[in-house]
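**Q** This is what each chain is made of:
Protein chains: 4
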Amino acid sequence: MSDREHFLSGGPNNHPACHRTAKSQVDPQSVENFRRKLKYFFMSPCQKYRARGRKPWKMMLQILKIVIITFQLVSFGLSNEMMVTFKEENIIAFKHLFLKNYQDRNQDYALYTRHEVHDHILYIINRYLQLQNLTVDNHAFERIDDVFTPLSICQDLYRHANVLPANETFDIDPHVETGTSSFVIITQLYNLIKCLKVCFAVFVPAELHYQLIVLFDCVVICSCLLSLILCTRSVYNGMLLQFVSLIWPVCWSERMEFINGWYILIIISDTLTIVGSALKICIQSKELTSYDVCSILLGTATMLVWIGVMHYLRFFQKYYILILTLQAALPNVIRFSFCAVMIFLSYCFCGWIVLGPHHENFRSFNMVANCLFSMINGDEIYSTFTKIRDKNDLVWMFSRMYIYTFVPLFTFMILSLFIALITDTYETIKHYQKHGAPLSELQAFIAECKDPPKSGKNIVDEESSTFWCLCAPCVNCT
Amino acid sequence: MSDREHFLSGGPNNHPACHRTAKSQVDPQSVENFRRKLKYFFMSPCQKYRARGRKPWKMMLQILKIVIITFQLVSFGLSNEMMVTFKEENIIAFKHLFLKNYQDRNQDYALYTRHEVHDHILYIINRYLQLQNLTVDNHAFERIDDVFTPLSICQDLYRHANVLPANETFDIDPHVETGTSSFVIITQLYNLIKCLKVCFAVFVPAELHYQLIVLFDCVVICSCLLSLILCTRSVYNGMLLQFVSLIWPVCWSERMEFINGWYILIIISDTLTIVGSALKICIQSKELTSYDVCSILLGTATMLVWIGVMHYLRFFQKYYILILTLQAALPNVIRFSFCAVMIFLSYCFCGWIVLGPHHENFRSFNMVANCLFSMINGDEIYSTFTKIRDKNDLVWMFSRMYIYTFVPLFTFMILSLFIALITDTYETIKHYQKHGAPLSELQAFIAECKDPPKSGKNIVDEESSTFWCLCAPCVNCT
Amino acid sequence: MSDREHFLSGGPNNHPACHRTAKSQVDPQSVENFRRKLKYFFMSPCQKYRARGRKPWKMMLQILKIVIITFQLVSFGLSNEMMVTFKEENIIAFKHLFLKNYQDRNQDYALYTRHEVHDHILYIINRYLQLQNLTVDNHAFERIDDVFTPLSICQDLYRHANVLPANETFDIDPHVETGTSSFVIITQLYNLIKCLKVCFAVFVPAELHYQLIVLFDCVVICSCLLSLILCTRSVYNGMLLQFVSLIWPVCWSERMEFINGWYILIIISDTLTIVGSALKICIQSKELTSYDVCSILLGTATMLVWIGVMHYLRFFQKYYILILTLQAALPNVIRFSFCAVMIFLSYCFCGWIVLGPHHENFRSFNMVANCLFSMINGDEIYSTFTKIRDKNDLVWMFSRMYIYTFVPLFTFMILSLFIALITDTYETIKHYQKHGAPLSELQAFIAECKDPPKSGKNIVDEESSTFWCLCAPCVNCT
Amino acid sequence: MSDREHFLSGGPNNHPACHRTAKSQVDPQSVENFRRKLKYFFMSPCQKYRARGRKPWKMMLQILKIVIITFQLVSFGLSNEMMVTFKEENIIAFKHLFLKNYQDRNQDYALYTRHEVHDHILYIINRYLQLQNLTVDNHAFERIDDVFTPLSICQDLYRHANVLPANETFDIDPHVETGTSSFVIITQLYNLIKCLKVCFAVFVPAELHYQLIVLFDCVVICSCLLSLILCTRSVYNGMLLQFVSLIWPVCWSERMEFINGWYILIIISDTLTIVGSALKICIQSKELTSYDVCSILLGTATMLVWIGVMHYLRFFQKYYILILTLQAALPNVIRFSFCAVMIFLSYCFCGWIVLGPHHENFRSFNMVANCLFSMINGDEIYSTFTKIRDKNDLVWMFSRMYIYTFVPLFTFMILSLFIALITDTYETIKHYQKHGAPLSELQAFIAECKDPPKSGKNIVDEESSTFWCLCAPCVNCT
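From first to last, the protein sequence lines stand for chains Y, S, B and V. Start counting the first sequence at 3; every next residue gets the next number (the numbering used here). Start counting the second sequence at 3; every next residue gets the next number (the numbering used here). Start counting the third sequence at 3; every next residue gets the next number (the numbering used here). Start counting the fourth sequence at 3; every next residue gets the next number (the numbering used here).
Keep in mind the hints are simulated off the structure, nothing from the lab. Glycine included, each C-beta is placed from N, C-alpha and C at the ideal position. Be aware that a few hints might be false.
Unchecked claim - Here are some of the chain B residues that sit facing chain S, going by a computed Cβ distance under 7 Å:
no., residue
1, Pro58
2, Ile298
3, Gly301
4, Trp308
5, Met312
6, His313
7, Gln319
8, Leu324
9, Ser376
10, Asp381
11, Glu382
12, Tyr428
What the hints assert, rightly or not - Label-pair restraints from in silico Cβ distances:
no., chain 1, residue 1, chain 2, residue 2, range
13, V, Arg56, B, Tyr434, 44 to 52 Å
14, V, Thr291, B, Pro333, 45 to 53 Å
15, V, Glu118, B, Lys89, 43 to 51 Å
16, Y, Pro58, S, Thr407, 56 to 64 Å
Please model the complete structure; the sequences and the hints are all you need to start from.
**A** Given below as structure tokens:
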């Protein structure tokens, strides 16, 4: 029994869930053509060049893209870095100029008596009025419609606070309101400085420089658009082929092989880059100010581009083993993590509720998670031991037990399990690379096509081929 | 020889310590019934539904419970968080208001001359008298029976201190007394501020809100009570079945299989939640103030609920492998830890006695343990190297040797052993999952029952079934 | 051929280096007796009790010893802890009392102008004279022979410093001298406070308490002496047996089996405890002040006692596997460490010389070693990156390369090798425990004695037995 | 078929890429001679001594070299250390002397108003003029040609800054210029102190001491020169042998065996030492000041010498296993690292662009890399969580996701892969050591020579031998 017949009778079926019926009435020649088409589809760019002489445009575009996107990101980041430094130095200068007795010691600038609050506000007003004499004219007052804007005071105060010590009643609405009318007691005047309108006209460089940047952004958008189209076409072709191959009923997991996950990744990356770059142009032309959204889009896009380009490594087995192992281990890692995260969360809840009032690191749920996560990785352990405040015996005992059970459980046991899992997967992958992995049905079908890439049989008219692709479903299914 | 006969003649006996005699006089039909009963007992909720149509109430209750307990905890924690922040900001404000020249720099507020002590106390009294003028009326004096309470001073002093420098005699009783009469020299006035009665009327919100919270606590108590009853019933049933199965003498380790450890865990969790919630209601109605006990009870309970719910994962082998491996490795881990803890303690004692007087981290035994534990996990190592104070050569040399032997011994060798142990267990578990674990005698006995869950044979009258269960010991043993 | 004959003809010889000749002329009965004697020698305390009814005095003594030594250590440590706290609080108080404008901020108390130095010294003198008025009479002046001791000033100055800026010559002798005559410029007046004689009369408690402590120390000395004698006797017996067994020439490694390493450890520990306790008595009676030597002796002794007691675990295989694996892995670990330490030292030298002038952590060779060692364990890495001072490009580049090669080399590669090594040893040990380790010749010889411990054949007159032991060499060798 | 014939017919060919033709016409005797020569070439120093009585001069020289180079480095480092301490203490003293209200608190010395700048500069000038009265005459003014040099002021200012708040235009050239004319606003006067010419005449000790140091440097240079010559000769001999062995066409990887990588390492180290020592002499004689280049050269050289000496361990298999495993794992580690570095860089870019403006640790690309690298090794994780500044929800969410994906990916998965890789290599190496590695063709050829080293057949006239070596190509190839 030949390989093909074996296949058609449902031979090396790795997915017992796939129910199929033998379809022996298919024309052998068209099967052969389809097989060759499939083989071509799964070829590497090099092999495609040898088989049909098709230049690896897509690969070259990706490599070009990684260069220009990284360049865009670097220039964006550098201009950004300078901006932030300038802004920070100015805020420090403002604090020193306007806040009385301000000292640079990572402290909140706290005031607590009525007299002091008045005194400090007067000081600020005085300094503000003398600004021109104090500094060597780098700062100027903001003018709106030729009228100097006045100094405004921001205040945060509890929406409703009612303390009646007589009958020990204490009623505070935790919501904080920002107003402008009366003075506040328990607030940080330090916020005042934030209200001083720092009139930085961001991303307004010289005209030519600005135009060059926009031009470059457009180049980025175009190249991403091209890459987006090419990858979408590849995915579309894959789906068409998958549709055709329905004449042999294939199961869900095999159908997934037609859709290259890497292309999906590149498509996402391209979309993000296009949106991000468009946003960047808008920001630079002062139409939008959503800088953070833009940087998240561009940053994520660049990360995906860098990761995406690694899929060309799959033609160098030894380089690709890291990726392969990570891919193969991922499902198990996620299953493991599911349990580990449950235990982690249960510790978080318990630590938050018990240690929260007594320990700085356990104040909010988010901080508990951060602290425990750091402890798993061997950071902040000693601080966590020592930061507990009151030597309340019960809580203190609890905190010791808490840490002494949590850390070994996670660093010794769960981390060791991860190592066991990855080591296991690595050995499986290495065994596959040496002795061959079990072929999926699809791979077995393609493997029957023994023509070398250069045989010339792949050189068909691109147009007709595409046409055939499109018609195939109708032709074959009827 | 059939499986059953094989079993009855004591076949696949994994516990050679179990001595038994063949009991061939048992009625085959009752054995068959008992086997079906056992099989049903060890079924998953899904299978039970299919077999007898019993809805998985217990599972649904657990899932409901995890939601409401977590909700209770979160609301408790959030109100708590707000309270602590408020209290802390007020204490800072008080320090600034009452302590002369106080500065916010993580320092103890130390005074050392007689004049200064008097001066600072006068300052506090003055500020206290002017309180109404100083602040914008958020604070008020405490009144008991319409009489303003006076300012009181707390002091800690050595119970008995007698220094006679003339003959170099120095006799101090290390016990510290808290009194109210005379002034102290070597104390921290900073404690004064703690004596200012901070009249926070905690856990007193608006009436309706309060009633809703109590109502919710009652819901929590009820659901836990229900869960407690259901789980106790399951454990009780398990013990009955175990009692029945005494007709085949089973050894200790097999009997344990009847008692589901997870139910025990849920029972503990439920008990803690009920007590904790009751305590919470008492605290909220101002009858009790043992906040810490309450939070420990609720926190531990929530942790156990989260961990407890994981036992439903045991029907998804791949998810359960983490739990399985941890369970299987636990005995060995504990045995290992026994030795490791001995070595750890010996290092602790040695470090405490030798480095205690020269090194901040080794001052008390507890701190030594914390420091060494942190070092095992890669924290505080550099600080431990540098914090040694006097460059006493002998002690300095000792400290280097101490650290350079301790850290590699624990991080390189003992930690590696843990990894070796867990990896080994993981491989065993994986092997069992692939090729099947050796069946315990009990499992072998149950496995003979080949009816599919849906066969309908399990649909018996619940009442009579329970009755049978109860009578079984008498019926069969006679 | 029986086992014994097999042995006598040099059968299961694991050490091919051992050259021996068959000695078939030995009397079989005496061989049998000797074998039984050997078997008894290697028995566990339990088995010895069963075999000859000998109570496990030695084991009980060790357990008693661990309790009393730990108790001694704890009481020593606690009194110590209190002392150090008292001393430290006094030094802080003294600094605040005598140093002008002193502030508690982990800073060196630096003065730099001539006027300030004079001013501060005057301040100290003034405060010293007014001491009685300043404080509430806890401090008194030191009197020697009824004469108040004067205030003395300590100074550290360079032995010889000659700066001639005219011709850019600068000649400083790095040795620092401590004198009493003239004033210093570049020094830290902060040292002054250390010169104030803090007349603490340490370890002088009430008379009764003192006598109880000395009594307890004597008990410790006695019990250690007893343990020392018993262990020395065991080692002596082992050496006698080894001497006797010379009739079968055994090689060096087998001879070592007669000498129990654990006993050697206990002997060392006992000797240290005896010397340390004697020293402690001397210190308490004010004859000696070498506190540090005493604490090192007692600390090390306690550590060894705790580790030493673990050898009784060897009769519980599963508990002992940690110790066994560590023992088996030790030779390879040391060989590995040899290479690793060479690479480590080469990095130390390189880092010290290149980064020393630019980086705080690389100032001295010792600090480099500490820093690199911490980095291997995942501590102080970020600080090491950021602490570099001048942005000298060449050195900066070097420092990046240095850290980026060092950390992966050690944490990723060498640490992984350790894990590989320990895992490997663990598997070997487990294999031995399951399938039996290859017997050494000695063990094979003993294994032939098939009498159960209770057979009664071991019950011989102790006296004659010892006598036989002593005579054996003469009797058998002639 | 004998081993040799087997070889000549291309038998145990491990490199299928090597194409060769059988060359049976070679004279068997010359083949035998060549084989013996090869065997001698690959012998250890010990074996060479036994074979030809050649003393291991080269090994002894290396050991001597490691001693003297380390001594040179240590003396260099110690003098250096003293220098740096002196310089630093002086800079602190200068800051205290010249900067008004300077306090030692790791702060930048910031000034922000016009008046203050003038005031502080006046203060500096005053202090400078009164220098002789202020200090106890350790400092003197610099004189050039008997004229006292004046006090000069350095200033950094933006090359071009143009702020027009009226129309919200802000144009700053980020380049910083150092000038001498006008006053600056946003600068740190603290830089001033750096301009005070600290006239330290470095590395100018007493004359004799100086001469001794130079002499020792020359000894170092000579010994390195000798070592350089010997190692170059060995490499040259290896290349000659390789040339001769071309009569059997060997492939690239086999040819590499002739060139001992360790010798290359020693040659590099020697070259660096010679250049470094020469530079050191120049610096000490004040002709050059490139101290950093010198220390990098000497430091790197010493590191290589220490690592290089380890190759003598290759004759002790158990010690050498670390080196062997590292060598064998290196290619795979580099391939792995390639992928890991790509993912790492993609995270760096993304973190830099998104978190840069909001997080101190992500300010510059270099800092991002440092921070992420530290996080992989379990450092700075908690700080990274907490240092984020604005609680901008979007960026805050992003930062959590960023850290929570990065750390597990690298510490749990990629680090585990490293362990898997090293464990795998270690097992392969151990298997080779037990059962023998597959012989390369060259080793198989040499292995045929069965003469023991002491056979005397190796004792040939060195001169003629070298001659034969040189002529061999011509003789054999013709």
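**Q** Against this structure, judge whether each hint is valid.
**A** Consistency of the hints with the structure:
1. Pro58: Because about 20 Å separates B/Pro58 from the closest Cβ in chain S, which is outside the 7 Å limit, the hint is violated.
2. Ile298: Interface hint status for B/Ile298: holds (5 Å vs cutoff 7 Å).
3. Gly301: Result: holds, 4 Å to nearest chain S Cβ.
4. Trp308: Status holds, d = 3 Å.
5. Met312: Given a least distance of 6 Å, the restraint on B/Met312 holds.
6. His313: violated, 11 Å
7. Gln319: This hint is violated: B/Gln319 lies away from chain S, its Cβ roughly 10 Å from the closest one there, beyond 7 Å.
8. Leu324: holds, 4 Å
9. Ser376: holds, 4 Å
10. Asp381: Holds. Min distance 4 Å.
11. Glu382: Hint on B/Glu382: holds, closest Cβ of chain S at ~4 Å, below 7 Å.
12. Tyr428: holds, 4 Å
13. V/Arg56 - B/Tyr434: 44 to 52 Å: holds, 45 Å
14. V/Thr291 - B/Pro333: 45 to 53 Å: About 51 Å separates the Cβ atoms of V/Thr291 and B/Pro333, which means 45 to 53 Å holds.
15. V/Glu118 - B/Lys89: 43 to 51 Å: holds, 44 Å
16. Y/Pro58 - S/Thr407: 56 to 64 Å: Check passed, 58 Å falls within 56 to 64 Å.
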